[in-house]
Amino acid sequence: MRSLFSMSILLFLFACDSQKSALTFDDLEVYAPLPGNSVTSGYAKIKNNGNEGITIESITSPDFKSVEIHETIISDGIARMIEIENLFIPQNDAVLLERGGKHFMFFEPTSSISIGQDIKLSIELSNDSNIDIVVPAKSRF
Amino acid sequence: MTLPKKILSLSIIATFILGCSSKSPEYSTVLTKPIKLDEFMLTADDDSVFSNQSLKDKWSLLFFGYTHCPDVCPLTLHQLAQANKELADKLDWTPDIIMVSVDPDRDTSEILQKYVRSFGENVSGVTGKNEELDKLTSQLGIFYNANKHEGENYSVNHSAAVILINKNAEFHAVFSAPHSIEHFVSDLPLILKES
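Chains A and B are the protein sequences, given in the same order. Each residue of the first sequence is one higher than the one before, starting from 97 at the first, in the working numbering. Each residue of the second sequence is one higher than the one before, starting from 43 at the first, in the working numbering.
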């Protein structure tokens, strides 16, 4: 019984780990906020190499009060931003976060952020796992 | 080469040269007759008055946005600033870049100045009371609407167009989104040359 229980835990951990590694953040960029500004953006190519779709349910960072995923939509010449509460990345597919499109949106730095400073992100996924990423803040120019 | 062949060759070359020299702006709409702007009174990022007079005797590119916009606004300002850098070699002077903040409740002069200057020295910001902003935006076909129901970090819907104002402070041309550095670099010299 005990060995069966241990194996179940191992399988659970393996399942979580494989799901974690299924999602990669290529070319992740987080811009240091511009002078006098309390918001900034980030971009990446989010790839799901697994065989199941994964949803990003939330993102937190100790370096910002809040982090959201938004999309800029230009329709009839009007730029609008909408929040994407849950970003779904289909199996064996990728979602591109790029300028003028979907992007990470960072609100209110908890302290002044300089270029090159490490930004910590914790990304909560639909499979109850988390991905922790550290990325240096980049200059917009 | 026989004479008819020579004439044909010269005709082809002449057509090519004329075709190149009469190139028209591709990415912007130039108004057939520039529109004189009615009076408006805004505040520049150095707290000086910004009115019709402020636009005279120079060309200006106006973009309507806000500093809490982290994506399309910095992207457009960056494109404009980069285009100006590239045009500096081709033109005697480059247009001023002016971001008109349509979020006057959050964008104070101080915030606006810090923000716009990070894009370059010839980038400035202006804003003002909504009724004064409306005097300008309504003449240029610019729309904006603050989504204050979103709370503290509200977004503002706004036209993404870039407006070119001529030396007489007239609405001269419009670049519609999506923008690129190449669009400005390609069209601005043609527009300025024609005027």
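None of these hints come from the bench; they were simulated from the model. Note that beta-carbon positions come from the ideal geometry of N, C-alpha and C, so glycine has one too. One or more hints might be untrue.
[Claimed, not checked] Listed next, with one range per pair, are the computed distances between beta-carbon atoms:
1. B:GLU236 <-> A:SER235: 32 to 40 Å
2. A:PRO232 <-> B:GLU192: 27 to 35 Å
3. B:ILE77 <-> A:PRO232: 42 to 50 Å
4. A:THR120 <-> B:ALA130: 34 to 42 Å
Hints, one by one, checked against the model:
no., hint, result
1, B:GLU236 <-> A:SER235: 32 to 40 Å, "holds, 37 Å"
2, A:PRO232 <-> B:GLU192: 27 to 35 Å, "holds, 30 Å"
3, B:ILE77 <-> A:PRO232: 42 to 50 Å, "holds, 47 Å"
4, A:THR120 <-> B:ALA130: 34 to 42 Å, "holds, 41 Å"
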